[in-house]
Structures are given as structure tokens and as C-alpha cells.
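Chains A and B are the protein sequences, given in the same order.
Counting from 1, position 221 in the first sequence corresponds to residue 221 in the working numbering; the numbering is continuous, with no gaps.
Counting from 1, position 86 in the second sequence corresponds to residue 86 in the working numbering; the numbering is continuous, with no gaps.
Everything labelled a hint here was simulated from the structure, so no lab data went into it.
Be aware that a few hints might be false.
As the list claims (entries may be wrong) - From the derived model, a few chain A residues whose C-beta atoms are all more than 10 Å from chain B:
{"hint": "1", "residue": "A68"}
{"hint": "2", "residue": "L72"}
{"hint": "3", "residue": "S73"}
{"hint": "4", "residue": "P165"}
{"hint": "5", "residue": "R202"}
{"hint": "6", "residue": "G203"}
{"hint": "7", "residue": "D204"}
{"hint": "8", "residue": "T251"}
{"hint": "9", "residue": "G255"}
{"hint": "10", "residue": "D291"}
{"hint": "11", "residue": "L297"}
To be verified - Now the stretches of chain B that chain A is said to cover, found in silico as 3 or more residues with beta-carbon under 8 Å:
{"hint": "12", "region": "125 to 137"}
{"hint": "13", "region": "143 to 156"}
{"hint": "14", "region": "252 to 266"}
Stated by the list, open to error - Which chain A residues face chain B? A few, computed with CB under 10 Å, are given here:
{"hint": "15", "residue": "T40"}
{"hint": "16", "residue": "R139"}
{"hint": "17", "residue": "L155"}
{"hint": "18", "residue": "L267"}
{"hint": "19", "residue": "A276"}
The beta-carbon is built from N, C-alpha and C at its ideal position, and this holds for glycine as well.
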Amino acid sequence: MIPLSERSDPIIPTAELRALETAGVQSPRTVWQQLLRSPTFLVGAFILLFWIVCAIFGNSIAPDDPLAQQLLSVNAHPSGAHLFGTDQLGRDVLSRVIVGAHDILIIAVSATLLGTVLGTVLGLVMGYFGGAVDAIVGRLVETLLALPLIIVSVLFILALGPSVPTLVIVIGFVFAPLIARTVRAAVLGERELDYVAAARLRGDSSLHIMFVEILPNVLSPILVEFTVRIGYAIFTVATLSFLGLGPPPPTPDWGADISANYDVISLYWWETLFPALAIASLVIAVNLIADSVESVLAQ
Amino acid sequence: MATYFLKRLGLSLITLWLLSLVVFYAGQVLPGNPGRFILGPLAAQSAVLALDHQLGVDRPLWVQYWSWISHFVQGNMGISYEYQTAVRPFIASAVEQSLKLAAVAFVIVVPLGIVGGVVAALKVGRPLDRIISISGLSGSTLPEFVSGIVLVAIFSVFFHLLPSTATSPPGASFVTQLDHLLLPAIPLVLVLFGYISRMARAGTIEALDSDYARTATLKGLPRSIVIFRHVLRNSLLPTITVIATQLGYLIGGLVVVETLFNYQGIGRLVYNAVTAKDFPMLEAGVLTIGVVYVLATLLADVAYSFLNPRIRLGGAE
Chain A
1 MIPLSERSDP
11 IIPTAELRAL
21 ETAGVQSPRT
31 VWQQLLRSPT
41 FLVGAFILLF
51 WIVCAIFGNS
61 IAPDDPLAQQ
71 LLSVNAHPSG
81 AHLFGTDQLG
91 RDVLSRVIVG
101 AHDILIIAVS
111 ATLLGTVLGT
121 VLGLVMGYFG
131 GAVDAIVGRL
141 VETLLALPLI
151 IVSVLFILAL
161 GPSVPTLVIV
171 IGFVFAPLIA
181 RTVRAAVLGE
191 RELDYVAAAR
201 LRGDSSLHIM
211 FVEILPNVLS
221 PILVEFTVRI
231 GYAIFTVATL
241 SFLGLGPPPP
251 TPDWGADISA
261 NYDVISLYWW
271 ETLFPALAIA
281 SLVIAVNLIA
291 DSVESVLAQ
Chain B
1 MATYFLKRLG
11 LSLITLWLLS
21 LVVFYAGQVL
31 PGNPGRFILG
41 PLAAQSAVLA
51 LDHQLGVDRP
61 LWVQYWSWIS
71 HFVQGNMGIS
81 YEYQTAVRPF
91 IASAVEQSLK
101 LAAVAFVIVV
111 PLGIVGGVVA
121 ALKVGRPLDR
131 IISISGLSGS
141 TLPEFVSGIV
151 LVAIFSVFFH
161 LLPSTATSPP
171 GASFVTQLDH
181 LLLPAIPLVL
191 VLFGYISRMA
201 RAGTIEALDS
211 DYARTATLKG
221 LPRSIVIFRH
231 VLRNSLLPTI
241 TVIATQLGYL
251 IGGLVVVETL
261 FNYQGIGRLV
271 YNAVTAKDFP
281 MLEAGVLTIG
291 VVYVLATLLA
301 DVAYSFLNPR
311 IRLGGAE
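My request is simple: use the sequences and hints to build the entire structure.
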């Protein structure tokens, strides 16, 4: 595409200019059609859908009560009675795996949404205004990135006390600067385009230009970032609950169940292996989706 | 070049200073009173106040910060609340342990990631490229304890091939130590492989598309020479940077891997310090991690600019 600044006709209405400059952007319907044709997307969506159904209807699908302690069948091998065996307290592992999908999905998705909204606002402001705002926020982001995310999250969660809302807020805030970097880079590319200059000449406020003019044109990278980040959010939630900072027991939780039974893995491997495989399948499903979204939007 | 280096050094120092503020502040925000913590819930209030005074935690914050940071810079990291002895030996031995584990992971992942990325770039868009990309992405978002458990289940529980703890018996030979570190290193390798191969892939695609690669091909050079002599040299530059920045992640990953495999490294040390509310240990541990990370990125940037004439000759922005 020819850069519009090199074209000779200066007076074109903003809407048309934008349509010209963003000719590469596809309509939601074509994006959707392309996704439905991609096998990786379909496989990922199928697995994710399975876990979403478990998260919503878990208690009705689960063969047993995930909290019921059957003390006569403690550490039972996987069998017809308990497909995934039972844990050290005699609870059905399959039921705990099914019901455990709920918290991790809720926390991961809400935290990513929060982080994306905060990061988008921050990125728009940094990219659009540049200068001192950009420099100061950039340095703070750099500092935050100098610490491993897990350690930052552990510090904040311990300070605020572990709970579901705390996890959402902490992960959301930790993700925000990372998402802001992506949005900022996309905004820098848009800022110099003619439709922004035209809007400025027309006397539109900065707020209007950022959110009404620029935002719709940087939605693709934001969407890609969002899907990729959900994978990392699941990673973070699972890790934090493995470290004992997730939803409090006896709530069925994959990470917490793993750390509770890990010391007996050499005798009763099913108590840790099945929740671990559940996390793995969820993460891989989200990545298959993220990868397809990225490749469709990048065309 | 000198100005670029100085500017970069200055930015690193500012980052470290901000980091020390954050770490110090986090140490204050964590609930709990040190004197009460050490003496237990039954101790008299007067004894708690006396100990708080002795520890210096009743002074104004900025005085505490100054005394902490000025001692830290001189190598005095304070006294652990939990063990009542100097923090420094704990940090030193933990860093050494973690470095061993990290070294094993890096020795495996760097060549593997580069080869994977270059192969993916040469087959761009084909099934092999997609497989490498997706497995890399999945590996990098698979929590270390998940891959760790699958590995332990397979290699330790089912087939008894490798030990499931990372700590080898005291005085163990190099091979035995390596044997113990191999399984814990693999989860780290899985995570890092995604990042490194993605960078190597992007760099190689860009270099393959460049004018000099096209010229070399049109000149009639065999494809292998074009790749080895012209493409790789340029495509691996950004990979160097990403390898260094992954150190920060690596230490976070160490928290989990060291907990899972019962290994006394810096990640485990920081995590224990957090749960035990051992502020001096925590602050020293986290700041040490920050210093290692900032130094590594600084070194990577300097190495990158030495290797890349475009940056060396100006254009440092």
C-alpha cells in the first residue's frame, strides 16, 4: 500500500481516509469464516468448549460429589467405580477435575479482560501522547518486568490476602503493562497517519481521537494479545494455586490438588497426573485458538 | 558507542533504583510485625517493642530504606528474621544452586531453540513450521509444574530412569549432579524453547527476505552457503537479546521447579522467605534477582550493539 502521506489529494473526509488506510482489515464475518475453516482452531475450540461446559454444569456432570470423602476407598486406583481413582481423602479425582475447571476459567478470563482494558487505555495514552508520559510509564513498566511475574504476584497476593477477586485484580494489573506495550506500538504506527491528522485539524478532542478514531484500527493486535494472554493467565492462576495462593481448600482446584498430592506421586500417580493433564489440555486448547486467530488476523 | 553504553548503564541504574524502592515497599506492605513474628504471640508487648527497636523497624521509612540500601551496596544484606544469622551466605549458596540448574537448562535449550526456529523459518507456512510454532507456544504457556509432573510420572514413576529430586547427595560426582538436574531442567527448557525459537524464526525469515540474501542467491551461491554465511549471522542477533531477557522469567520458573523438585535455589529461597515473612531475606533475594536480570539485559544489549554495526555506528535510538 502506498503511504497516504505521499499522495497528492489532501482533502478527503476522515471516514474514507480511514477506509483506504486500513484496507487490510477484514470484516468480523470473514475472520470468523476463516477461523471455522482452520483445523487448529476447531480442535482448540472443541477442547475449550468441553472445559467451559464442565465449568458451568460441573456439579451436574460429575459422577460423584467432589467434596465427599469416602474413607473406605482412600487412594483407590483408577477403576470402573472411580475412572481417575480417588485421592488421599477418598475424594473422586474425576469429579474434582471436572468441577475444578470453574475457578481457573473464571479467574483467567476476568483477569485477562481487566488487564486488556487497563493495558489498552495505558497503551493508547502512551502511544498517542508520547514524550514524558511515555518515558515515565515506560521506565515503570521496565522495572516491573525486571521482576519475575510470579514473584510480583506472590508479593501482592500475600499483601492483599488470597481470594478469587484478589487473584483477578493482581493478575489483571500485572498483565496491563505488558498489553500496554503492544497497544502502544500499534498506536505509534497509526498516530502519523492522515486520518488522525485530519481529526486533529477538525478540532476533535484527544480523547475522541484516541478512543473513536484510533482504537477501532488497533483492535486486531489487541484481540491477538488478548487470546495469547489468556494462555498466560491460565499459566499464572495454575501456578499460584500450586504455590498455595489460589482459592482456599476444599474447593476443587487443579493446581492446589496437584500440590496436595504431589508427595505421594510415586505411589498414587493418578492424584496428580490427571489434574496436570487437565491444565495441559486447557493451555494447549487456548494456544491452538490464539495461534489461529493470530494467523488469520495477520493476513 | 561510549555514549550509547553510558546511556544504557544510566537507564539500568534507574531501573535498579526503582526496583529497590518497589522491593522495600513490598516488604513494608506485607502484613505482620517482625518483633511479634520472631517472639511469638505470647511475648510481652514491651519485649516486642524492644526487639522492634533493636531491629530498627520503628525508625522512619526513609531512614530504614537508606540504611538497608547502603548496607546492601556494600555487600551486607542484613540478618534473617527466621534463622537469626546473616542473609548473605543463604543468598550466595542459593544463587549458586540456581545457576547450576539454569546452566543445564540453557545448554539444552539454546541450540535446540535456534535450530527449531531456523528450521521453521526455512519451512515457513508448511506443517513442520506450524508444529514447531504451536508446540513452542504450548510449551511456553505450560506451567512448569504441569510439565514437571508429567515428566516425573513418565521418567521416574513408570520407568525409573531418572531421580525425582533435584538435590544430589553431598559430595556427588558431576555426572550424578547432572543426572539429578536433568529432569528439573526440562520444564524450563520447554518454556524457553518457545521464546527462543520464535525469535530465531522471525529473524531468519527477515534475513531470508533481505536484499543481501537475494543477491547471494542470484549470484549462484548454493542455498546452504547462503543460509550459513549470510542469513544465520544476521538472524541470530535478536535471538541473543531474547535469551538474556528470559533470565527474568527463568528465575520465576525456578520458584516452581525448585519447589516441585525440592531444590534449595534462589526461587525457593524467596518463596520460603515470603511465606515465613522473613523481610531481610525476601528483600535481599528479590533485589539479587533484579540485579542479575538487569545485568544480563545490559550485557545482552552491549553484546548486541558490538555485533550489529547498524547500532554501533549511531542509530542507537
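**Q.** 10 Å cut-off, C-beta based - A:D291 kept clear of every residue in chain B
**A.** 5 Å, violated
Q | Outcome, coverage of the region 125 to 137 of chain B by chain A - at least 3 residues whose beta-carbon is closer than 8 Å to one in that chain | A | Per the Cβ count (4), the hint holds.
Q: Against chain B, does A:P165 hold up as non-interface, every C-beta pair farther apart than 10 Å?
A: Consistent with the label, A:P165 stays out of reach of chain B, its closest Cβ about 17 Å off (over 10 Å).
Q: Could you check if A:R139 really has its C-beta closer than 10 Å to a C-beta on chain B?
A: OK, holds: A:R139 within 10 Å of chain B, min 6 Å.
Q. When the nearest CB of chain B is found for A:L155, is that gap smaller than 10 Å?
A. Because about 5 Å separates A:L155 from the closest Cβ in chain B, which is inside the 10 Å limit, the hint holds.
Q. Taking 8 Å as the C-beta cutoff, is the stated coverage of the region 143 to 156 of chain B by chain A satisfied by three or more residues?
A. holds (count 10)
Q.
Just want to verify: A:T251 was marked as not at the interface with chain B; is every Cβ pair farther apart than 10 Å?
A. The assertion about A:T251 holds, with a minimum of 18 Å to chain B.
Q: Take a quick look at A:L297 and tell me if its Cβ sits farther than 10 Å from every Cβ on chain B, holds or violated.
A: 15 Å, holds
**Q.** Minimum Cβ-Cβ distance from A:L72 to chain B exceeds 10 Å
**A.** 25 Å, holds
Q.
How does the region 252 to 266 of chain B fare against chain A when you require at least three residues with a CB closer than 8 Å, holds or violated?
A. holds (count 6)
Q: May I ask you to check that A:A68 keeps its beta-carbon over 10 Å from the closest beta-carbon of chain B?
A: 25 Å, holds
Q. Just checking, A:G203 versus chain B, shortest CB gap more than 10 Å?
A. For A:G203, whose nearest Cβ neighbour in chain B is about 32 Å away, the distance exceeds 10 Å, so it holds.
Of the numbered hints stated above, those contradicted by the structure are hints 9 and 10, listed in ascending order.
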